[in-house]
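> Going by the numbering used here, the residue at position 134 of the sequence shown is 539; the numbering climbs one at a time, nothing skipped.
Bear in mind the hints are in silico, worked out from the structure with no lab data behind them. Treat the hints with care, since some could be wrong.
Unchecked claim - Distance windows between CB atoms, simulated:
no.	residue 1	residue 2	range
1	633	467	39 to 49 angstroms
2	613	472	15 to 25 angstroms
3	470	490	12 to 22 angstroms
4	461	546	44 to 54 angstroms
5	504	569	24 to 34 angstroms
6	514	471	22 to 32 angstroms
7	594	451	46 to 56 angstroms
8	501	450	22 to 32 angstroms
9	501	468	33 to 43 angstroms
10	478	613	35 to 45 angstroms
11	461	548	42 to 52 angstroms
12	438	488	14 to 24 angstroms
What the hints assert, rightly or not - Pairs of lysine-lysine, DSSO-like flavour, derived with a Cα cap of 30 angstroms:
no.	residue 1	residue 2
13	460	557
14	475	485
15	460	611
From the three backbone atoms N, C-alpha and C, an ideal C-beta is built for every residue, glycine too.
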Amino acid sequence: MKPYQPKLGIKLWAEADRPREKLLLNGRRHLTDAELIAILIGSGNRNESAVDLSKRILAEYGNDLDALGKVSVKSLSNFKGIGEAKAIAIVAALELGRRRKDTGATEVVHIASSKDAFEIMMPVFADLNHEEFWILILNTANRVIGKQIISKGGLAGTVADPKIIFKTALEHNAAFIILAHNHPSGNLKPSSQDLQLTKKLVEGGKMLDLQVLDHLILADKGYYSFGDQGLI
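Input sequences plus hints: build the corresponding full structure.
Okay, here's the thing in C-alpha coordinates:
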(Lines of atoms letter the chains of each structure in order from A; the text may use other names.)
(Lines give C-alpha, C1' and ligand atoms only; values in the text may rest on other atoms or scores of the structure.)
Protein backbone atom coordinates (compact mmCIF):
# COMPACT_ATOMS: atom_id res chain seq x y z
CA MET A 406 0.00 0.00 0.00
CA LYS A 407 1.30 3.44 -0.91
CA PRO A 408 2.10 5.72 2.03
CA TYR A 409 -0.43 8.51 2.60
CA GLN A 410 0.56 11.75 0.97
CA PRO A 411 -1.16 14.85 2.36
CA LYS A 412 -2.73 17.08 -0.25
CA LEU A 413 -1.80 20.72 -0.59
CA GLY A 414 -4.06 23.46 0.68
CA ILE A 415 -5.09 26.32 -1.58
CA LYS A 416 -2.37 28.62 -0.27
CA LEU A 417 0.34 26.17 -1.36
CA TRP A 418 -1.04 25.48 -4.84
CA ALA A 419 0.47 26.86 -8.00
CA GLU A 420 -1.17 30.22 -8.57
CA ALA A 421 -2.94 29.10 -11.77
CA ASP A 422 -4.63 26.31 -9.80
CA ARG A 423 -6.09 28.46 -7.04
CA PRO A 424 -9.85 29.00 -7.55
CA ARG A 425 -9.86 32.67 -6.56
CA GLU A 426 -6.89 33.52 -8.73
CA LYS A 427 -8.27 31.37 -11.55
CA LEU A 428 -11.52 33.35 -11.44
CA LEU A 429 -9.67 36.66 -11.60
CA LEU A 430 -7.37 35.43 -14.36
CA ASN A 431 -9.83 33.55 -16.61
CA GLY A 432 -13.31 34.61 -15.49
CA ARG A 433 -16.00 32.81 -13.51
CA ARG A 434 -17.21 30.64 -16.39
CA HIS A 435 -13.88 28.82 -16.52
CA LEU A 436 -14.30 27.42 -13.01
CA THR A 437 -15.84 24.05 -12.28
CA ASP A 438 -18.73 23.69 -9.81
CA ALA A 439 -16.27 22.28 -7.26
CA GLU A 440 -13.95 25.27 -7.66
CA LEU A 441 -16.81 27.71 -7.16
CA ILE A 442 -17.90 25.90 -4.00
CA ALA A 443 -14.25 25.88 -2.85
CA ILE A 444 -14.25 29.68 -3.04
CA LEU A 445 -17.36 29.73 -0.83
CA ILE A 446 -15.91 27.48 1.87
CA GLY A 447 -12.37 28.90 1.69
CA SER A 448 -10.57 25.90 3.15
CA GLY A 449 -10.84 22.15 3.33
CA ASN A 450 -9.88 19.84 6.16
CA ARG A 451 -6.70 18.21 7.36
CA ASN A 452 -6.64 15.66 4.53
CA GLU A 453 -8.40 17.51 1.70
CA SER A 454 -8.06 20.81 -0.08
CA ALA A 455 -11.19 22.95 -0.43
CA VAL A 456 -11.59 21.74 -4.02
CA ASP A 457 -11.22 18.06 -3.08
CA LEU A 458 -13.76 18.48 -0.30
CA SER A 459 -16.10 20.28 -2.68
CA LYS A 460 -15.74 17.47 -5.22
CA ARG A 461 -16.65 14.94 -2.54
CA ILE A 462 -19.71 16.92 -1.50
CA LEU A 463 -20.88 17.19 -5.11
CA ALA A 464 -20.27 13.48 -5.72
CA GLU A 465 -22.43 12.64 -2.70
CA TYR A 466 -25.37 14.29 -4.50
CA GLY A 467 -24.66 12.92 -7.95
CA ASN A 468 -22.87 16.10 -9.10
CA ASP A 469 -26.34 17.66 -9.34
CA LEU A 470 -26.60 21.27 -8.15
CA ASP A 471 -30.38 20.98 -7.98
CA ALA A 472 -30.01 18.08 -5.56
CA LEU A 473 -27.38 19.98 -3.56
CA GLY A 474 -29.74 22.95 -3.38
CA LYS A 475 -32.22 20.82 -1.39
CA VAL A 476 -29.70 19.81 1.28
CA SER A 477 -30.02 21.28 4.76
CA VAL A 478 -27.34 23.12 6.72
CA LYS A 479 -27.32 20.24 9.20
CA SER A 480 -26.64 17.63 6.48
CA LEU A 481 -23.82 19.68 4.95
CA SER A 482 -22.26 20.12 8.37
CA ASN A 483 -21.80 16.36 8.57
CA PHE A 484 -18.92 16.60 6.07
CA LYS A 485 -15.56 16.85 7.81
CA GLY A 486 -14.29 20.38 7.29
CA ILE A 487 -17.75 21.88 6.77
CA GLY A 488 -18.91 23.69 9.87
CA GLU A 489 -22.18 25.57 10.23
CA ALA A 490 -20.79 28.81 8.77
CA LYS A 491 -19.50 27.08 5.60
CA ALA A 492 -22.73 25.12 5.22
CA ILE A 493 -24.75 28.33 5.50
CA ALA A 494 -22.55 29.95 2.82
CA ILE A 495 -23.27 27.07 0.40
CA VAL A 496 -27.02 27.10 1.11
CA ALA A 497 -27.19 30.90 0.77
CA ALA A 498 -25.31 30.89 -2.56
CA LEU A 499 -27.60 28.23 -4.05
CA GLU A 500 -30.67 30.11 -2.81
CA LEU A 501 -29.44 33.28 -4.55
CA GLY A 502 -29.13 31.26 -7.76
CA ARG A 503 -32.69 30.02 -7.33
CA ARG A 504 -33.98 33.57 -6.76
CA ARG A 505 -32.14 34.76 -9.85
CA LYS A 506 -34.16 32.25 -11.87
CA ASP A 507 -37.29 33.53 -10.14
CA THR A 508 -36.49 37.11 -11.17
CA GLY A 509 -36.14 36.08 -14.80
CA ALA A 510 -39.40 34.14 -14.72
CA THR A 511 -41.40 37.21 -13.69
CA GLU A 512 -40.85 38.67 -17.16
CA VAL A 513 -43.62 36.33 -18.39
CA VAL A 514 -46.66 38.29 -17.25
CA HIS A 515 -49.35 37.12 -19.67
CA ILE A 516 -50.70 33.60 -19.24
CA ALA A 517 -51.65 31.94 -22.52
CA SER A 518 -50.95 28.32 -21.62
CA SER A 519 -50.16 25.96 -18.76
CA LYS A 520 -46.48 26.23 -19.74
CA ASP A 521 -46.53 29.99 -19.06
CA ALA A 522 -47.91 29.35 -15.57
CA PHE A 523 -45.38 26.59 -14.98
CA GLU A 524 -42.44 28.83 -15.91
CA ILE A 525 -43.59 31.45 -13.40
CA MET A 526 -44.25 28.98 -10.58
CA MET A 527 -41.34 26.60 -11.09
CA PRO A 528 -38.75 28.79 -9.27
CA VAL A 529 -41.13 29.04 -6.31
CA PHE A 530 -41.05 25.28 -5.78
CA ALA A 531 -37.43 24.64 -6.76
CA ASP A 532 -35.41 22.78 -4.12
CA LEU A 533 -38.35 22.37 -1.70
CA ASN A 534 -38.40 19.12 0.26
CA HIS A 535 -41.87 19.82 1.63
CA GLU A 536 -45.22 20.52 0.00
CA GLU A 537 -46.61 24.04 -0.50
CA PHE A 538 -49.81 25.34 -2.07
CA TRP A 539 -49.84 28.65 -3.98
CA ILE A 540 -52.20 30.59 -6.19
CA LEU A 541 -51.32 32.64 -9.25
CA ILE A 542 -53.54 35.72 -9.42
CA LEU A 543 -54.62 37.14 -12.79
CA ASN A 544 -56.62 40.13 -13.99
CA THR A 545 -59.28 40.16 -16.72
CA ALA A 546 -56.57 40.26 -19.42
CA ASN A 547 -54.93 37.09 -18.07
CA ARG A 548 -51.99 39.13 -16.84
CA VAL A 549 -50.29 38.18 -13.59
CA ILE A 550 -51.11 40.42 -10.64
CA GLY A 551 -49.14 38.35 -8.20
CA LYS A 552 -48.64 34.98 -6.55
CA GLN A 553 -49.45 34.07 -2.95
CA ILE A 554 -48.66 31.14 -0.71
CA ILE A 555 -51.71 29.52 0.85
CA SER A 556 -50.24 26.76 2.98
CA LYS A 557 -47.07 24.86 3.82
CA GLY A 558 -46.96 21.22 4.85
CA GLY A 559 -44.72 18.20 5.04
CA LEU A 560 -43.33 15.71 2.55
CA ALA A 561 -46.67 13.94 2.08
CA GLY A 562 -49.03 16.88 1.73
CA THR A 563 -50.43 20.22 2.82
CA VAL A 564 -53.91 21.46 3.64
CA ALA A 565 -55.32 24.14 1.33
CA ASP A 566 -58.39 25.84 2.81
CA PRO A 567 -60.82 27.04 0.07
CA LYS A 568 -61.91 29.96 2.29
CA ILE A 569 -58.33 31.25 2.52
CA ILE A 570 -57.80 30.75 -1.22
CA PHE A 571 -60.86 32.77 -2.24
CA LYS A 572 -60.29 35.41 0.47
CA THR A 573 -56.72 35.94 -0.77
CA ALA A 574 -57.83 36.10 -4.41
CA LEU A 575 -60.64 38.60 -3.73
CA GLU A 576 -58.36 40.82 -1.61
CA HIS A 577 -56.07 41.10 -4.65
CA ASN A 578 -58.97 41.86 -7.04
CA ALA A 579 -58.42 38.65 -9.00
CA ALA A 580 -60.49 37.90 -12.08
CA PHE A 581 -58.95 34.44 -12.52
CA ILE A 582 -56.71 32.20 -10.45
CA ILE A 583 -54.43 29.27 -11.15
CA LEU A 584 -53.80 26.78 -8.38
CA ALA A 585 -50.35 25.27 -7.93
CA HIS A 586 -48.71 22.86 -5.53
CA ASN A 587 -45.70 20.58 -5.58
CA HIS A 588 -45.07 16.88 -5.04
CA PRO A 589 -41.59 16.53 -3.48
CA SER A 590 -41.74 12.79 -4.18
CA GLY A 591 -41.50 13.52 -7.92
CA ASN A 592 -44.79 11.77 -8.67
CA LEU A 593 -46.94 14.03 -10.87
CA LYS A 594 -50.10 11.92 -10.61
CA PRO A 595 -52.87 13.82 -8.77
CA SER A 596 -54.14 12.21 -5.57
CA SER A 597 -57.83 11.72 -4.83
CA GLN A 598 -57.56 14.71 -2.45
CA ASP A 599 -56.09 16.82 -5.28
CA LEU A 600 -59.01 15.89 -7.53
CA GLN A 601 -61.63 16.58 -4.84
CA LEU A 602 -60.12 19.93 -3.87
CA THR A 603 -59.87 21.07 -7.48
CA LYS A 604 -63.50 20.19 -8.15
CA LYS A 605 -64.60 22.02 -4.99
CA LEU A 606 -62.60 25.15 -5.90
CA VAL A 607 -63.85 25.21 -9.50
CA GLU A 608 -67.45 25.03 -8.28
CA GLY A 609 -66.85 27.64 -5.57
CA GLY A 610 -65.21 29.95 -8.07
CA LYS A 611 -68.29 29.86 -10.30
CA MET A 612 -70.45 31.08 -7.41
CA LEU A 613 -68.06 33.99 -6.80
CA ASP A 614 -67.57 34.76 -10.50
CA LEU A 615 -63.89 33.94 -9.95
CA GLN A 616 -62.79 31.35 -12.49
CA VAL A 617 -60.19 28.74 -11.66
CA LEU A 618 -58.28 28.44 -14.94
CA ASP A 619 -55.99 25.56 -14.04
CA HIS A 620 -54.34 23.56 -11.29
CA LEU A 621 -50.68 22.62 -11.69
CA ILE A 622 -48.78 19.93 -9.86
CA LEU A 623 -45.03 20.53 -10.07
CA ALA A 624 -42.17 18.13 -9.45
CA ASP A 625 -38.55 18.96 -10.30
CA LYS A 626 -38.60 20.05 -13.97
CA GLY A 627 -42.00 18.66 -14.95
CA TYR A 628 -45.64 19.46 -14.27
CA TYR A 629 -49.19 18.13 -14.56
CA SER A 630 -51.97 20.43 -15.73
CA PHE A 631 -55.59 19.69 -14.78
CA GLY A 632 -56.65 22.03 -17.58
CA ASP A 633 -54.61 20.26 -20.23
CA GLN A 634 -56.06 16.95 -19.09
CA GLY A 635 -59.65 18.23 -19.40
CA LEU A 636 -60.27 18.08 -15.65
CA ILE A 637 -61.27 21.76 -15.38
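> Tell me the numbers of any earlier hints that the structure contravenes, in ascending order.
1, 2, 9, 13, 15
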